[in-house]
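Asks: Spelled out, the chains give:
Number of protein chains: 2
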Amino acid sequence: MALIVQKYGGTSVANTERIRHVAARVAGYRQRGDQLVVVVSAMSGVTDSLIKLAKEIMPLPNEREMDMLLATGEQTTIALTAMAMHALGVPAISLTGAQAGITTDGVHTKAKIMNITPKAVHELLDGGSVVIVAGFQGQTPQGQITTLGRGGSDLTAIALAAALKADLCQIYTDVDGVYTADPRLAPDARKLAEISYDEMLELASLGAKVMQSRSVEFAKKFGVVFEVRSSLNDNPGTIVKEETKSMEGVVIRGVTLDRNQAKITLIGVPDRPGMAARVFKALADGAINVDMIVQNISHGTQPPATDLSFTVDKADLLKARKVIDGLRSEVGFRDVLADEKIGKLSIVGVGMRSQPGVAAKMFDTLAQNGINIEMISTSEIKISVVVELAKGEAALRAIHAEFLSK
Amino acid sequence: MALIVQKYGGTSVANTERIRHVAARVAGYRQRGDQLVVVVSAMSGVTDSLIKLAKEIMPLPNEREMDMLLATGEQTTIALTAMAMHALGVPAISLTGAQAGITTDGVHTKAKIMNITPKAVHELLDGGSVVIVAGFQGQTPQGQITTLGRGGSDLTAIALAAALKADLCQIYTDVDGVYTADPRLAPDARKLAEISYDEMLELASLGAKVMQSRSVEFAKKFGVVFEVRSSLNDNPGTIVKEETKSMEGVVIRGVTLDRNQAKITLIGVPDRPGMAARVFKALADGAINVDMIVQNISHGTQPPATDLSFTVDKADLLKARKVIDGLRSEVGFRDVLADEKIGKLSIVGVGMRSQPGVAAKMFDTLAQNGINIEMISTSEIKISVVVELAKGEAALRAIHAEFLSK
Numbered sequence: 001m002a003l004i005v006q007k008y009g010g011t012s013v014a015n016t017e018r019i020r021h022v023a024a025r026v027a028g029y030r031q032r033g034d035q036l037v038v039v040v041s042a043m044s045g046v047t048d049s050l051i052k053l054a055k056e057i058m059p060l061p062n063e064r065e066m067d068m069l070l071a072t073g074e075q076t077t078i079a080l081t082a083m084a085m086h087a088l089g090v091p092a093i094s095l096t097g098a099q100a101g102i103t104t105d106g107v108h109t110k111a112k113i114m115n116i117t118p119k120a121v122h123e124l125l126d127g128g129s130v131v132i133v134a135g136f137q138g139q140t141p142q143g144q145i146t147t148l149g150r151g152g153s154d155l156t157a158i159a160l161a162a163a164l165k166a167d168l169c170q171i172y173t174d175v176d177g178v179y180t181a182d183p184r185l186a187p188d189a190r191k192l193a194e195i196s197y198d199e200m201l202e203l204a205s206l207g208a209k210v211m212q213s214r215s216v217e218f219a220k221k222f223g224v225v226f227e228v229r230s231s232l233n234d235n236p237g238t239i240v241k242e243e244t245k246s247m248e249g250v251v252i253r254g255v256t257l258d259r260n261q262a263k264i265t266l267i268g269v270p271d272r273p274g275m276a277a278r279v280f281k282a283l284a285d286g287a288i289n290v291d292m293i294v295q296n297i298s299h300g301t302q303p304p305a306t307d308l309s310f311t312v313d314k315a316d317l318l319k320a321r322k323v324i325d326g327l328r329s330e331v332g333f334r335d336v337l338a339d340e341k342i343g344k345l346s347i348v349g350v351g352m353r354s355q356p357g358v359a360a361k362m363f364d365t366l367a368q369n370g371i372n373i374e375m376i377s378t379s380e381i382k383i384s385v386v387v388e389l390a391k392g393e394a395a396l397r398a399i400h401a402e403f404l405s406k
Numbered sequence: 001m002a003l004i005v006q007k008y009g010g011t012s013v014a015n016t017e018r019i020r021h022v023a024a025r026v027a028g029y030r031q032r033g034d035q036l037v038v039v040v041s042a043m044s045g046v047t048d049s050l051i052k053l054a055k056e057i058m059p060l061p062n063e064r065e066m067d068m069l070l071a072t073g074e075q076t077t078i079a080l081t082a083m084a085m086h087a088l089g090v091p092a093i094s095l096t097g098a099q100a101g102i103t104t105d106g107v108h109t110k111a112k113i114m115n116i117t118p119k120a121v122h123e124l125l126d127g128g129s130v131v132i133v134a135g136f137q138g139q140t141p142q143g144q145i146t147t148l149g150r151g152g153s154d155l156t157a158i159a160l161a162a163a164l165k166a167d168l169c170q171i172y173t174d175v176d177g178v179y180t181a182d183p184r185l186a187p188d189a190r191k192l193a194e195i196s197y198d199e200m201l202e203l204a205s206l207g208a209k210v211m212q213s214r215s216v217e218f219a220k221k222f223g224v225v226f227e228v229r230s231s232l233n234d235n236p237g238t239i240v241k242e243e244t245k246s247m248e249g250v251v252i253r254g255v256t257l258d259r260n261q262a263k264i265t266l267i268g269v270p271d272r273p274g275m276a277a278r279v280f281k282a283l284a285d286g287a288i289n290v291d292m293i294v295q296n297i298s299h300g301t302q303p304p305a306t307d308l309s310f311t312v313d314k315a316d317l318l319k320a321r322k323v324i325d326g327l328r329s330e331v332g333f334r335d336v337l338a339d340e341k342i343g344k345l346s347i348v349g350v351g352m353r354s355q356p357g358v359a360a361k362m363f364d365t366l367a368q369n370g371i372n373i374e375m376i377s378t379s380e381i382k383i384s385v386v387v388e389l390a391k392g393e394a395a396l397r398a399i400h401a402e403f404l405s406k
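Chains as they are written, first to last, in this note's numbering: chain R, 1 to 406; chain A, 1 to 406.
Excised from the complex, chain R in its bound form (with noise of 0.2 angstroms):
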C-alpha cells in the first residue's frame, strides 16, 4: 500500500466527463490499496473567466480580493470531482487549501507555502476516503485566502507529498511527460525516462512549458520525486529526480527553441565603466527582464567602443525600446538595431560538466548546417545560442539528430 498524490490541471478536468476519468483513474489506484491524494486545478477557462470578469470592474483589482475571487475556481472542482468519486462508489472528500492546512504568507496572488499541517488529510485518509485538495491556494495564519500563483497547483501537490511523505507524486497533465525536444518539431524526439531537477529547472526556464520553475525548485529543495505523465493515456511518464551518476553518462537531456524572444543591439556604445550597468538598471526598472547578455570586442576605434546586444520577452521589446530611447544622450551609444526574428536554441544536460567539447560539437554542428551564431550565452549544464528565427527548426532537429537521436 502506497501513499500517492497525483495532480490533475485544468485540461484534465476541463468538464464534467474529464472529472468523471480522473474519477475512474483515482478509483482504480485505489483499487490496488494505495492511498489517495489529488490535488486539482480550476477548470480550464475557469479562471481566465474570473480575470476577465475582475478587469470588466477595475483594470487593477485589488490582490486580496482576486484571491477571494480565483480561489473558487478550484473550490468547484474538488467539489465536482468529490462528487465523482461517490458516483463510482468510493468514500471521498474535498479540502479547500485552508482546510487541508496549506498556511502561507500573506503576499496574495503569488503565496508561499510557510508550512503545511497535515493532520486533517491523514485522519481522513486513514478513515479510508480519498481527500481531494484546492490546488493553488491556502490561507494565512490570519484566515485571509491566498493564492500561489502561476504553476501553484503543482506546487501544492509537490509540498503536500513533502509534507505527508509520500510514496510518489504524479503530475498528470496533457503532455505524456518530458521530451528530448517539442515532437512538434523534433519528430523522432524520445521521451525521457528519468530527469534530473536541475536540468527540469533548466528546461523550464528554456521554454519547455511542462511545469513552472518554483514546483521543481521545491521538489528539489525537499527531495520530492515526482513522475510527469498524461491524464489521457495509461503510458508511464518521466521520473523527476536528484541527479544520479548514471545520468552523466548522456551528454544531453534535451533541446529546446524558445521563440519568444526578441534581440536588442546598442552599437557604438561608449567602453566607459559602468555603461553597461546604466542601460540594465534602467531595464529593470521599467520591469523588463532580461535573459542573454553580450558585449562584443571593442571596435578600434577613437574613442574607444563596443556593441551590447541582450534579449529580451517579445512581449516587452517596445516597452524596452522605449527605455533604450531614453538613454541615448546618457549613455551615448551610436546606433538601436532591434531584432524579432531571431530563436534560441538550448541544449541542456548534466553529462556536459564532465565531457568537454559539447559546446566545440553544437557550433559544429550549426556550421555544417550553414545556421549562423548571432549570440552565445553558457552555465554549467546548457548552452544557449541565438540563431535566425526561420533557420531555428532546422537547427534543432539537426542538433537533436546529433546529440539525441538513438
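Simulated from the structure, these hints should not be mistaken for laboratory data.
Treat the hints loosely; a few may be bogus.
Since the list gives no way to pick out one identical chain from another, each pair is judged satisfied if it fits inside one copy or across any two copies.
[To be verified] Here are the simulated lysine to any residue pairs, SDA-like style, with alpha carbons at most 20 angstroms apart:
| no. | residue 1 | residue 2 |
| --- | --- | --- |
| 1 | K322 | E380 |
| 2 | K52 | H21 |
| 3 | K110 | I288 |
| 4 | K52 | E17 |
| 5 | K52 | T16 |
| 6 | K55 | R18 |
| 7 | K220 | A193 |
| 8 | K391 | R259 |
| 9 | K281 | M58 |
| 10 | K55 | T16 |
| 11 | K322 | G332 |
| 12 | K55 | G89 |
| 13 | K52 | K245 |
| 14 | K314 | S377 |
Given chain R, put chain A in place with the hints provided.
Replies: Just chain A now, with coordinates in the frame of chain R:
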C-alpha cells in the same frame, strides 16, 4: 452615523454593471457617514449552473460537497463587489460566511445559524471599511462549509443585523416593497408603508414571493426591523416590524392568489374514525406537503360516508394520486377527483382579530361577482378560499376593490 446592513439578491448583482450600481448606492450611504455591511447573493444564474454541473456527475450529490460547490457563488460576488467599491475609491473588504463569524449547525444544504461572532466585522467597520459578506453560507464549529438553503442570504443579513445591533436592515430586491396585491393582477395595488411580521409571514406562505418565511421568523424572534426595497430605484420600501396598535385600524393588509395548487377530493370516504389520519399519514410519508384540508358533511348514505378534499402543490399532484390509489382498498373511498384548475385566494391582516364580519364580507363580495367558493380555510389573521382558476384574477380584483382600494 448609523450602522446599516444591506442585502442584495442575485438579480441586483447579475453582472458587473449591476454590481457597479450596488457599489454606487453603498458609496452614497457611506458618504452620509453611515457604516455599511453589505450581504450579497450569487450572481443570478450562477447557483443554477453549479447545480447543473453537479447533476451531470450524479443525480443526488452528497450534500457536504454541494455546500462546498455552491458556496463559491457568493464568494465570487463578494470579491467583485469589494473591487467595485475600490473602483469608487471606497475602502472595502470581502468576508466569506466563515470569516464573518457565522457559525451554523452541520445540516448541509439547509444549515441553521447557531451563533454569530461579529468581532472581525466590527473591527473592519471601525477601521473605516465597508464590509462585504457572502450571504447564504456559514461554517460549522469543525470548519466545514455549510449553506443555509433557500432565502439564505436574507437570513444572513437579518442575523448579522441582529448580532451587530444594526440601526437598519435593508433587503434590496427587484420589487419596490410589499404590495396590497400583485400589481400585475390588480393595477390599483398600493405599496404598503409598513407591515407586521405576522402579516408578512402569512403573505410569504401564501405565494407572495418577496421573502422566505424563515428570514421573517428570524427577524420576528430577534426583533430586527427591516425594509424591503428595490435596488433599481430610490423609492422607500416597506418596513417590516412588530405589530403596532395603529396597524389594527387596517382590516386587511393584502390579498394574494396562489395558482400553484391542485385539489384532490376523495368521494364517499367511510365515516369511521382514523380514515383521515390514514390518508394524511400516507401523504406525509411520501413527503407530499398538504395545504388546505376540508372534510365535507356526511352524505345521507348508509353506511355513512363523507367527501374529503385537500390541496397539494401542482408539482406533487401525480405523486399524491399514486399514494391515494394505493390506499383505495384499505380506506374504501368510492372515487377520486383531481382538479388542477384552481386558485387559492387569501386575505391577510392583523386587523381581522378585532373586526368581525370580514369573512362574511369577503364571501359576499365573491358571490356578487358570480364566483363560487369551493373550499374555505381560516386562521386568526388570514382567510383563504379556493375558487375556479379561470375566475381567480377577477376574484382578486373584486376583493382588492372592496377591501384595499382607497
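Asks: Let me make sure I understand: some of the numbered hints might not hold for this structure. Which ones are they, in numerical order?
Replies: 1, 9, 13
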